[in-house]
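Undergrad: As a plain string of letters, each chain reads:
Protein chains: 2
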Amino acid sequence: MEFKNLDTLTSFSTLKKLPHLQVKDLLSKERISSANVHIGGGLTFNYSALPVHEEHIKALANLCEEQQLIEKYEALLRGEVINTGEKRLVLHHLTRGNALGSDNIILADSVNKEAFYKEQKNKIADFAIKIRNGEITGSTNKKFTQVVQIGIGGSDLGPRAMYLALHGWAKGEHKEVIEASFISNVDPDDASAILNEIDIETSLFILVSKSGTTQETLTNYEFVKQAITNTHIEGIDPSKHFVAVTSNTSPLATSKEVMDSFYIDDYIGGRYSSTSAVGTLILSIAFGKDVVDEFLLGAHQGDKAALEKDITKNGALLDAAIGVYLRNVLEYPNTAILPYSQALSRFPAHLQQLDMESNGKRVNRDGKELSYSTGPVLFGEPGTNGQHSFYQLLHQGTDITPLQFIGFKRNQRNQDILIENSTSQEKLLANLIAQIVAFAIGKDDSNNNKKFTGNRCSSLIFGNRLDPRALGALLAHYENKVMFQGFLWNINSFDQEGVQLGKVLAKKVLDGAEGDDILTSYIDLLK
Amino acid sequence: MEFKNLDTLTSFSTLKKLPHLQVKDLLSKERISSANVHIGGGLTFNYSALPVHEEHIKALANLCEEQQLIEKYEALLRGEVINTGEKRLVLHHLTRGNALGSDNIILADSVNKEAFYKEQKNKIADFAIKIRNGEITGSTNKKFTQVVQIGIGGSDLGPRAMYLALHGWAKGEHKEVIEASFISNVDPDDASAILNEIDIETSLFILVSKSGTTQETLTNYEFVKQAITNTHIEGIDPSKHFVAVTSNTSPLATSKEVMDSFYIDDYIGGRYSSTSAVGTLILSIAFGKDVVDEFLLGAHQGDKAALEKDITKNGALLDAAIGVYLRNVLEYPNTAILPYSQALSRFPAHLQQLDMESNGKRVNRDGKELSYSTGPVLFGEPGTNGQHSFYQLLHQGTDITPLQFIGFKRNQRNQDILIENSTSQEKLLANLIAQIVAFAIGKDDSNNNKKFTGNRCSSLIFGNRLDPRALGALLAHYENKVMFQGFLWNINSFDQEGVQLGKVLAKKVLDGAEGDDILTSYIDLLK
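From first to last, the protein sequence lines stand for chains V and G. All residue numbers for the first sequence refer to my numbering, where the first residue is 1 and numbers rise by one. All residue numbers for the second sequence refer to my numbering, where the first residue is 528 and numbers rise by one.
Fair warning: there could be bad hints in the mix.
[Said to hold, decoys possible] Below, computed lysine to any residue pairings styled on SDA-like, alpha-carbon distance capped at 20 Å:
(1) V:K171 <-> G:G762
(2) G:K1054 <-> V:R465
(3) G:K1030 <-> V:K4
(4) V:K409 <-> G:D1051
(5) V:K443 <-> G:G612
(6) V:K225 <-> G:N941
(7) V:K29 <-> V:T14
(8) G:K1034 <-> V:I419
(9) V:K443 <-> V:D399
(10) G:K669 <-> G:G762
(11) G:K783 <-> G:D764
(12) V:K175 <-> V:N133
(13) G:K670 <-> G:H759
(14) V:K450 <-> G:T611
(15) V:K289 <-> V:R132
(16) V:K171 <-> V:T44
(17) G:K556 <-> V:D524
(18) V:K527 <-> G:K936
(19) G:K1030 <-> V:S13
(20) V:K4 <-> V:D399
(21) G:K645 <-> G:E821
[To be verified] Calculated Cβ distances over 10 Å to all of chain V for the following chain G residues:
(22) P546
(23) I663
(24) P909
If you are wondering where the hints come from, they were derived from the structure by calculation, not from laboratory data. We put the CB at the ideal spot given by N, CA and C, even for glycine.
Construct the complete structure from the given sequences, taking the supplied hints into account.
TA: As structure tokens, then:
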């Protein structure tokens, strides 16, 4: 297995020489019905409105083969040290099953990691059942009615996006839901706002920090602890309102100030941790163990689908490779994520971290500077809201932004209304279809200001309904897409050295920054 | 007054020839303490970490003069037809006062518009007092405890962002708050989720649609109306739970199915309507009239500050001109909005619409295609959250994204905690300062992967505390920045023809799209 820079690959030179296609010339009935790939969880990736034709896909297939993408993915699954910067295995896939089958045994630090993740999963399931049935209560013997996650970055964005994505489905299915909230920002107004909304006495707080040293999270932990004490409710004891999700070597792991601890390890990066204890504990408490099992199954299906060698049958691989074509050949700097599902309101924010933290790198795996672009800027909001906001620029701005639509045939909550012969759900889907076509085909007009040039490309992920299994597969699709793109660019998608300098300087500022003219000048400004 | 394309201006040619500066060479104690401009509402725009020096600022001053930016702004304020595409005046500034003084009388359709906006403002104030004191109740004679805005785009994003921005402040000041929610998406799960959270019997719904024909909003209106009826509470009458904000020519204006109507007009675009009835009605009900008066005063101060001819004393003008330098000379495609204030969690989403819908245009005011870039893509999340998410790419990605930081010395809710000698608020500000410097200066390292190239430029808007006046000024700063950039690019920032095609095609899809192979193929896919 070799790691090569993208611009040294023969197949990349070939790809660059291919004609640039216009989506409006490509779209056809046949293409729309055939450009579909199953990606697990009942979801399909449709690439009909992307500017690639047979010869491009062949070139992309060659690119993936020359860069040995499936081999690298398999190596990762077999437990090779793919995160070379930090000398670590990359094991988030294993939290949802063994994509290579039960013969694939991963040992690290003399521990069978599959067994380790399963053990945590079972412990979480037991714990969640006891919280949900009232067997475990708070310090005043009342049933927990609320769960609050304290964490930031990967300990916040993924779990929050997943919780919001499943909340409406659970309500639609009449599941018993324990409401969840999230405290992340070190801005004291964040914790304050949440604490003012909830009943502290019946709240369980999940403290999530792998290292057990994250400044924001520990600060908010103390903030919440003080708030619990300050309720002055007789017999209240903060330690009976906290559990931790942390690594078994962190100071939190053995703390007596928490009821229990659930373990993660260094082989799962924060942004990839939604299917580990970081995400599954809060989801199990909120929705129940069975929902989480379905969610993990969907992700596992996505992981297995991504092992397929034929690019035309592997949605994550295809999405990744076309994305690199859009970024490095057509030179589009951004990608927009446009879910036509209000439940996915924070999914783009999660993908921002997943993609931009993984692939926002300017050096390759060997620390050599790259002379080509890597990860794009991601942004997005749910449709139809975005249509009434930034779509103007997407349609008629001077730059082209590749679009990733997501949509579902049915809504989550089973409540709808028929007006002028269509339901709201039908209107939602009509808008989704209309936008794909409007972006691709455009419209001529004698008034330039009313003209749409078209040729604005998009992909579409669709399914029957956003249920736990579909959500798992959707998450895995993007995690695997990002991984494949990292392999294509020959970067390490699993470290994040770019967050370090800010931490060091923030500490310096808090210590007074004596002698540093620049820092002290800004300190004076904000004093 | 002449409207010229940016690339025909002599001063633009001069600007392009100036040396490209490195922020890390520029930053100094003197610069940080002197590169400050007051922008109203107690706020300051600091441009110390932007790659411009005296000669650049002089060139930008010449650019603004040659393009007659202040003259154009004054013409707009005097009521000239600046929105030429739709042949309309642009009057949002007038909703917060007359920036040119009381001699400036604006007549349109034989109506004195200042008097008209004042009349609506007074009517709103009266109505809000009566809702807040229980004089006006719902149909079952109970005091309203909740207000819900139904609107999309400009009728949603701005008011929602402003409500969230003031909520913590109002709580910190122990104001009586009537909680607000928002329904926007045509996805039925959006309305469903909100209706399941609130007490419908004591909820007042504000229906916001200028034309009275917005599909999403009318659909959600019917959805909510049905939900009210379906409560089957004795005597409940939907019409006593609705008010409308609409133009006085819309079907809603005289509807008997709403308690009352408050008027807006065609001279205020949706994305500029936060200070009109679209925003002030819900804010007055939620927080009281006095809070809204302060908010409007802050915006008015911002508008007056933007009239200053000297660019070094006009923050909105300077921000706009430097932004064009970053976009058209240094060719950066994006801008990130990074508020170090949890209260501004949805402010970036509002700015996305404000900026990208206003300036995402590829033709000039005369409908001629442009050969230069216009509005950038905007995105952002609150710090410190973003630090643990997409900042990796901002620090170490292959593209440079100009950054706009926002921060306040004090927090809103007056609750904080001292840990290891610093409060959470101090930690928040330490991170803000650290990031500005980390981005600008960077850090060398023998390991390329731990190296920060620096030279990633940023601006900072700061103030004492995010109160209503500061928020008003912050809003006006961005509205005026966007307006000035539109003038620089010679585009019409006040229409949005790019949203039309999608509407037409969505209707076609709902009507079956017979004979259209492309649309019907997508319909089949999602059936």
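Undergrad: Are there hints from earlier that the structure breaks, and if so, what are their numbers?
TA: 1, 3, 7, 16, 19, 20, 24
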